[in-house]
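Position chain B relative to chain A; hints supplied.
Next come the chains, spelled out residue by residue.
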Amino acid sequence: MKKIKALKCKECGQESPPIAKHVCEFCFGPLEVVYDYEWISSVISKEKIASRPHNLWRYWELLPVEGQQVLSLNEGFTPFWKSRNLGKFLGLKNLYIKNDAVNPTFSFKDRVVSVALTRSRELGFDVVACASTGNLAGAVAAYGAVGCFKTFVFIPADLEMGKVVGAGVYDPIIVGIKGNYDEVNRLCAEVADIFHWAFVNVNIRPYYAEGSKTLGFEVAEQLGWRAPDHVVVPVASGSLLTKIYKGMSEFHQLGLIPELHTKISAAQAQGCAPVVTAIKEHSEIIKPVIPKTIAKSIAIGNPADGYYAVKTVEKTHGVGEWATDEEIIEGIRLLAKTEGVFTETAGGTTIAVLKKLKESGKIASDETVVAFITGNGFKTQESVQDHISKPYIIEPRLNEFRELYESLVKSKQVEEHNFLKNPAYQIK
Amino acid sequence: MATKVRIPAPLRKLTKDQAVVDSNGHTIQEILSELEKNYPGIKERICDETGQVRRFINIFVNGEDIRFKEGIQTKVGSDAEVSIIPAIAGG
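Chain order of the listed sequences is A and B. Numbering follows the numbering used here, with no gaps: position 408 of the first sequence is 410. Numbering follows the numbering used here, with no gaps: position 13 of the second sequence is 91.
Next comes chain A alone, as it looks inside the complex (with noise of 0.2 Å):
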């Protein structure tokens, strides 16, 4: 019994067998799995998901494997919980934090990694490769290391080190590139014409983007096998939007969830927002951009998926909204105070376009609302050190912390360190 069908072009529907090869023939329009729904739908139940391991093999059926034997360090089913303080401080009642940041290698890029080299495997390859803005490095280094995998990652020289170290520590052959990510892009996709590797985000793409849907898969089932109302995602490729809402789709359509209404919403860095600008233009023509942000994680100025994630917000009747860096490096810092959450540029840019999005009435306040967290901050300090509390340095004497203490005292700092209480600050 094999489950996927075929690779189906997005564009024109010509059909081709399930091999490497993300590139339609004909038309060079993207590929996608197909599926036999028919025999997963006789399978697959809320309680045969409900009973497996918490990680996102749970969903098996639906993910474009053939084998049981998968290629796991158990990403997924991470976090979910209805927002301690952030909903409150913004006036939403219904606000859910989906923290990806805690997978293995810290972003939810393990999802999709996990998914790529599994079926790498089954296709026969022993050399992974990936062009990366810094989590998928980290994540392809991880599982190429465990699945004895011949490694190379392809980086831009100049991410942050936090990333190149994340990667660097499993030991893969790390090639950076003079250039920025869409340049390692090209360079890939060049390379990966010539040499036959697994590159997971070129030709195991159709598989390796499936591995998103999962984040759609368990928002739906940790929200009690529902569809929220109303979901931000931040937007590099645009494969991670486009797939969250297939996963719920797919859930939708095999009455797992009683019905599907939600809104789908971009978030973008100004210095870099393509699909944004897209939506925000009515317009199907997405202008690459030379990014200049300090979110390099979704830094991509010409977005593979860039076209299919305006078609997903507009379908849906979300919105697309950018957050400059100043706002992104704020929007770090409320998750981490309201909700303990370290995020990088990535989810401040999420958090960022939230609070625009409540500001501007585009979110109702009884809406149930998802806030989509990718990656960890550790990996991007650089970003906020110099925004963020800094220690006193004093002598190991307690009279020298008497005197800071009564200068603190002094200064009000004291009672006014945590936002939450500051009365600066209206907690609607």
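Any given hint might turn out to be false.
[Claimed, not checked] Heads up, simulated DSBU-like pairs for lysine-lysine below, C-alpha to C-alpha not over 30 Å straight-line:
(1) B:Lys115 to A:Lys180
(2) B:Lys153 to A:Lys294
(3) B:Lys121 to A:Lys313
(4) A:Lys23 to B:Lys91
(5) A:Lys313 to A:Lys339
(6) A:Lys152 to B:Lys153
(7) B:Lys91 to A:Lys7
(8) A:Lys23 to A:Lys12
(9) B:Lys147 to A:Lys289
(10) A:Lys7 to A:Lys364
(11) A:Lys50 to A:Lys412
(12) A:Lys152 to B:Lys121
(13) A:Lys10 to A:Lys23
(14) A:Lys289 to B:Lys121
(15) A:Lys10 to B:Lys91
(16) A:Lys265 to A:Lys289
(17) A:Lys289 to B:Lys94
(18) B:Lys153 to A:Lys180
(19) A:Lys48 to A:Lys7
(20) A:Lys423 to B:Lys115
(21) B:Lys94 to B:Lys115
(22) B:Lys82 to A:Lys23
Bear in mind the hints are in silico, worked out from the structure with no lab data behind them.
Same frame as chain A, now just chain B:
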């Protein structure tokens, strides 16, 4: 001296499996027309009915995306390298 044009895998059936072919022209438009003469059928795979490069194809001149330059009117030096690359990758 002719311009070297890198042909992506899906189009190599038209170029008799050659990954790099020579073409002449001062602009991308002229290069594509010359390609069409030598490899009939290739231009309609790259451009749509209006003559614009298809949504899912990127063209680079010496590594620079022509959409950041003058599109298909982008000038091409005789020693330049032109790459035609599927847009669907990355992220």
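Given the hinted pair Lys115 of chain B and Lys180 of chain A, is their Cα-Cα distance within 30 Å? Outside the cut-off at roughly 37 Å; violated.
Is Lys153 of chain B within 30 Å of Lys294 of chain A, Cα to Cα? 27 Å, holds
CA of Lys94 of chain B to CA of Lys115 of chain B, is that 30 Å or under? The given pair, whose Cα atoms are some 14 Å apart, holds under the 30 Å limit.
Measure nothing beyond the straight line between the CA atoms of Lys265 of chain A and Lys289 of chain A; if it is 30 Å or shorter, mark the hint as holding. Cα-Cα ~24 Å, so holds.
Starting from Lys7 of chain A, check that the Cα of Lys364 of chain A is at most 30 Å away, please. Outside the cut-off at roughly 40 Å; violated.
Against the 30 Å threshold, does the CA-CA distance of Lys50 of chain A and Lys412 of chain A hold or violate the hint? 61 Å, violated
Take a quick look at whether Lys82 of chain B and Lys23 of chain A sit within 30 Å of each other, Cα to Cα. 25 Å, holds
Holds or violated: Lys147 of chain B to Lys289 of chain A, with C-alpha atoms at most 30 Å apart: Within the cut-off at roughly 12 Å; holds.
Quick one, are Lys423 of chain A and Lys115 of chain B close enough, alpha carbons at most 30 Å? 74 Å, violated
Verify the proposed pairing of Lys313 of chain A with Lys339 of chain A, using a straight-line Cα cut of 30 Å. Given that 30 Å is the threshold and the Cα spacing comes to 35 Å, the pair is violated.
Please verify whether Lys121 of chain B and Lys313 of chain A have alpha carbons no more than 30 Å apart. 28 Å, holds
So if I understand the rule, the pair passes when the alpha-carbon distance is 30 Å or less; does Lys10 of chain A with Lys23 of chain A pass? 11 Å, holds
Taken one by one, the earlier hints fail for this structure at numbers 1, 5, 6, 10, 11, 12, 17 and 20, listed in ascending order.
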